[in-house]
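Novice: Residue strings, one per chain:
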Amino acid sequence: MRRSMLFLPGNNPNLLINGNCLGADAVIFDLEDAVSPTEKDAARILVRNTMRYLDFRGCETIVRINSIDTAYWQEDLDTILPCKPNLILLPKTCSAADVLAADEYMTQLEEKLGMEQNTVGLMPLIETALGVENSFRIASASKRVKALFLGAEDLTADLQCKRTKEGREIEYARTRLVVAARAAGVDVYDTPFTDVNDDEGIRVDANLAKALGFTGKASISPRHVEVINEVFSPTEKEVDYAYEVMEAIALAKAQGKGAIALHGKMIDAPIVARAQRTIDMAVALGMGREEA
Amino acid sequence: MSKLVKSIREAIELAGLKDGMTVSFHHHLRNGDFVLNMVMEQVAALGIKDINVNASSLFDAHTPLQTHIENHVVTGISADYISSGLGRAISRGIMENPVQFRTHGGRPSDICQGKTPIDVAFIAAPTSDPMGNCSGKYGKSACGSLGYAYADAMYAKKVVVITDNLVEYPLQDWSISENYVDYVVQVDAIGDPKGIVSGTTRITRDPVGLVMAKHAAKVIEASGLLKDGFSFQTGAGGASLAAAKFLKDIMLEKNIQGSFGLGGITGYMVDMLRAGCFRRLMDVQCFDLTAVESLREDPRHQEISAMHYASPTSRSAVVDSLDVVILGATQIDTDFNVNVHTDSYGYIMGGSGGHSDTAAGAKLSMIIAPMFRARLPIVTDRVTCISTPGEDIDVLVTQGGIAVNPRRQELAYCLKDAGLPVIDIHELKEKTEAITGKPQPVRCGDRVVAQVISRYGDVLDNIYNIPEGTK
Numbered sequence: 010m011r012r013s014m015l016f017l018p019g020n021n022p023n024l025l026i027n028g029n030c031l032g033a034d035a036v037i038f039d040l041e042d043a044v045s046p047t048e049k050d051a052a053r054i055l056v057r058n059t060m061r062y063l064d065f066r067g068c069e070t071i072v073r074i075n076s077i078d079t080a081y082w083q084e085d086l087d088t089i090l091p092c093k094p095n096l097i098l099l100p101k102t103c104s105a106a107d108v109l110a111a112d113e114y115m116t117q118l119e120e121k122l123g124m125e126q127n128t129v130g131l132m133p134l135i136e137t138a139l140g141v142e143n144s145f146r147i148a149s150a151s152k153r154v155k156a157l158f159l160g161a162e163d164l165t166a167d168l169q170c171k172r173t174k175e176g177r178e179i180e181y182a183r184t185r186l187v188v189a190a191r192a193a194g195v196d197v198y199d200t201p202f203t204d205v206n207d208d209e210g211i212r213v214d215a216n217l218a219k220a221l222g223f224t225g226k227a228s229i230s231p232r233h234v235e236v237i238n239e240v241f242s243p244t245e246k247e248v249d250y251a252y253e254v255m256e257a258i259a260l261a262k263a264q265g266k267g268a269i270a271l272h273g274k275m276i277d278a279p280i281v282a283r284a285q286r287t288i289d290m291a292v293a294l295g296m297g298r299e300e301a
Numbered sequence: 007m008s009k010l011v012k013s014i015r016e017a018i019e020l021a022g023l024k025d026g027m028t029v030s031f032h033h034h035l036r037n038g039d040f041v042l043n044m045v046m047e048q049v050a051a052l053g054i055k056d057i058n059v060n061a062s063s064l065f066d067a068h069t070p071l072q073t074h075i076e077n078h079v080v081t082g083i084s085a086d087y088i089s090s091g092l093g094r095a096i097s098r099g100i101m102e103n104p105v106q107f108r109t110h111g112g113r114p115s116d117i118c119q120g121k122t123p124i125d126v127a128f129i130a131a132p133t134s135d136p137m138g139n140c141s142g143k144y145g146k147s148a149c150g151s152l153g154y155a156y157a158d159a160m161y162a163k164k165v166v167v168i169t170d171n172l173v174e175y176p177l178q179d180w181s182i183s184e185n186y187v188d189y190v191v192q193v194d195a196i197g198d199p200k201g202i203v204s205g206t207t208r209i210t211r212d213p214v215g216l217v218m219a220k221h222a223a224k225v226i227e228a229s230g231l232l233k234d235g236f237s238f239q240t241g242a243g244g245a246s247l248a249a250a251k252f253l254k255d256i257m258l259e260k261n262i263q264g265s266f267g268l269g270g271i272t273g274y275m276v277d278m279l280r281a282g283c284f285r286r287l288m289d290v291q292c293f294d295l296t297a298v299e300s301l302r303e304d305p306r307h308q309e310i311s312a313m314h315y316a317s318p319t320s321r322s323a324v325v326d327s328l329d330v331v332i333l334g335a336t337q338i339d340t341d342f343n344v345n346v347h348t349d350s351y352g353y354i355m356g357g358s359g360g361h362s363d364t365a366a367g368a369k370l371s372m373i374i375a376p377m378f379r380a381r382l383p384i385v386t387d388r389v390t391c392i393s394t395p396g397e398d399i400d401v402l403v404t405q406g407g408i409a410v411n412p413r414r415q416e417l418a419y420c421l422k423d424a425g426l427p428v429i430d431i432h433e434l435k436e437k438t439e440a441i442t443g444k445p446q447p448v449r450c451g452d453r454v455v456a457q458v459i460s461r462y463g464d465v466l467d468n469i470y471n472i473p474e475g476t477k
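Line by line, the protein sequences are chains A and B.
Count along the first sequence from 1, add 9, and you get the number used in our numbering.
Count along the second sequence from 1, add 6, and you get the number used in our numbering.
Calculated from the structure, these hints are not laboratory results.
It cannot be assumed that every hint is accurate.
What the hints assert, rightly or not - With a straight-line cut-off of 30 Å between C-alpha atoms, the simulated BS3-like cross-links for lysine-lysine are:
#: 1; chain 1: B; residue 1: K251; chain 2: A; residue 2: K174
#: 2; chain 1: B; residue 1: K121; chain 2: A; residue 2: K246
#: 3; chain 1: A; residue 1: K49; chain 2: B; residue 2: K163
#: 4; chain 1: B; residue 1: K163; chain 2: B; residue 2: K220
#: 5; chain 1: B; residue 1: K369; chain 2: B; residue 2: K233
#: 6; chain 1: B; residue 1: K251; chain 2: A; residue 2: K93
#: 7; chain 1: A; residue 1: K266; chain 2: A; residue 2: K219
#: 8; chain 1: B; residue 1: K9; chain 2: A; residue 2: K246
#: 9; chain 1: A; residue 1: K174; chain 2: A; residue 2: K93
#: 10; chain 1: B; residue 1: K444; chain 2: A; residue 2: K174
#: 11; chain 1: A; residue 1: K93; chain 2: B; residue 2: K233
#: 12; chain 1: B; residue 1: K55; chain 2: A; residue 2: K219
#: 13; chain 1: B; residue 1: K121; chain 2: B; residue 2: K163
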């Protein structure tokens, strides 16, 4: 379960050391934008040691390496991959070829380290117009790809438009990415909301992302994590309904019926699938029923 | 009849201060206080020696005391809190006799019971009339409550009021009445307003502090104590204030009205009063200008004496009716004993204040502290100094989990049921040491430089000297 993903600058020991206490389902150790070229090596070592020595049980680890058009990305992977992060976030992914280049290098490293292939997943960061247009091909380029991630700041620069709180300029990219990711059978994560002091704004933005079909949302501020988790968690009402659906469908099966009505609406396969996802999440969050 | 005298020196002489006697001071002017230094300068100038200073707290502004100690003008100190300026010198061993640390409740209790008699009390008063009716609510040096001065005024053999705002008799709305006052001295300034109260108290923006604060508010909610009539005290630190903010949100959302907020009062507690979270504020000390103004203007905001606040020998004190207190710690050990007296090198840098009084009285006493500060873990096998005994501490809230005193198993169950990250304190210690390593014990000498006297009068712990050559 990955509702919230919190960016932590790879060169900030105080935040790194507390990264697993800030409530996020996943932390993204950033070796890219947050770190100046002169500090790349220090941040790499700091992140490696953080992952090596700190207990991140209950909190996934993701590392944003530098993009494959820089001189840093391979050394980033050399240093980070042995620590077995859950995912590598690959910035500025524009095409399936970018994914395959990273995938190939990661496969070589995993072989060298005696790790099982695809131990570490890949999450392409889509933040260019070309990347958006190629998003399905990117998502389905390799089994290593587990999710897509929308990066709106760089994208709007590439689109030559202004980034706004309302986000109308990224409407197309958002829906395109959700469709591409779901078509490829992978998760999809929304861009961070960058006004750290706007407590209402983050809620509106997260609600929108959820409504569009995103799996979760990234954050650059620990203050946003709780709202994101709340928005992307099922409500008690949703959980109750999901259990009702499962009970109704069990009854239908027992009665030899293919379909059954609940509260006047027919229950069909997509509704059952959604109910099951809700229950799975509720169980993961400790909201599930004991018999589930 | 006139109580007005021309100078502090004259008041000292008239009060009959002699070698070996005890003088007392309150600390409502905090680090802006001029009065203690002005008085002690005159005591020294008069050639008086061997004085015992009984102050409710001593701040860095009072470091001139060090010279008086070296010159044997001062040979005894009793205080509830000593900040690091003077504390460091005491830890180095400048005093022949150990300092006596009491609590904010224990101090007035011992004064009232005659265990620590005061010969002359010098009471800094932001406003007074010529007969000594005085208040902290008015004047350029306004500090709000004079709660810690009441016992001194009522039980000292002689009482001198020192003011920089002399008003016509009778002062309305006095805190300490003329009944107790022998002499009144007018001076240019009793303190520096900048050091007396802070402008605004700010809630932390530190993400780790906010995580702890959220946990703290949820612990209170899960404890079952948060219902109509709820009472609460918190400190002025960033995370404690943030906890109050989250608590306020819960109280407003659930439409809960508490009975009272207690303590050192900050603007944030005033906000909670104004928002309807409490019916009353009980104020022994004001921390900021908002609190001072509220005490002056709002009849729901009530000044109380230190005896009323926390004395263990009063027939009752407000701490006995307290539901929840949020406290800090420099160290806490696996038996939940808390140190707020010494720093990581063992130097004196604080004191109990109302820590152990409120911990003893409150139904739920909670420590908020990060797992580590700079390089050092907060949880240790044994604290350098026991300020508050572990039996009075119920829960430790850190960013890495919430440790519940095994004496409070039922609380641990409540917190777990509420989905809070409860962790055994030993496990929390190991988890922290995995990051910081295990610190070497503080290297103390073998000379007792201070005794920590519990609120009930017994010696809780000794603080030892830090030898020269130690950092």
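Novice: Look at each hint and say if it fits the structure.
Specialist: Now the hints, each set against the structure:
1. For a cut-off of 30 Å, the pair hint linking K251 (chain B) to K174 (chain A) stands: about 27 Å separates their Cα positions.
2. The hinted pair formed by K121 (chain B) and K246 (chain A) fails the criterion: a straight-line CA distance of about 64 Å is larger than 30 Å.
3. At roughly 70 Å between alpha-carbon atoms, K49 (chain A) and K163 (chain B) are farther apart than 30 Å, so this suggested pair is violated.
4. Taking the CA atoms of K163 (chain B) and K220 (chain B), the gap is near 49 Å; set against the 30 Å cutoff, the hint is violated.
5. For the proposed pair K369 (chain B) and K233 (chain B), the alpha carbon gap of about 14 Å is at most 30 Å, so the pair holds.
6. Taken as a hint, the K251 (chain B) and K93 (chain A) pair is broken in the structure, with Cα atoms around 39 Å apart against an allowance of 30 Å.
7. For the hint linking K266 (chain A) to K219 (chain A), the alpha-carbon distance of about 33 Å lies beyond 30 Å, and the restraint is violated.
8. Between K9 (chain B) and K246 (chain A) the CA atoms are separated by roughly 74 Å; this puts the pair beyond 30 Å, and the hint is violated.
9. Proximity of K174 (chain A) to K93 (chain A) is assessed by CA-CA distance (about 35 Å); at most 30 Å being required, the pair is judged violated.
10. At roughly 47 Å between alpha-carbon atoms, K444 (chain B) and K174 (chain A) are farther apart than 30 Å, so this suggested pair is violated.
11. Taking the CA atoms of K93 (chain A) and K233 (chain B), the gap is near 47 Å; set against the 30 Å cutoff, the hint is violated.
12. Between K55 (chain B) and K219 (chain A) the alpha-carbon distance is near 76 Å, which puts this suggested pair outside the 30 Å criterion.
13. Between the alpha carbons of K121 (chain B) and K163 (chain B) the distance comes to roughly 14 Å, so the proposed pair stays at or under 30 Å and holds.
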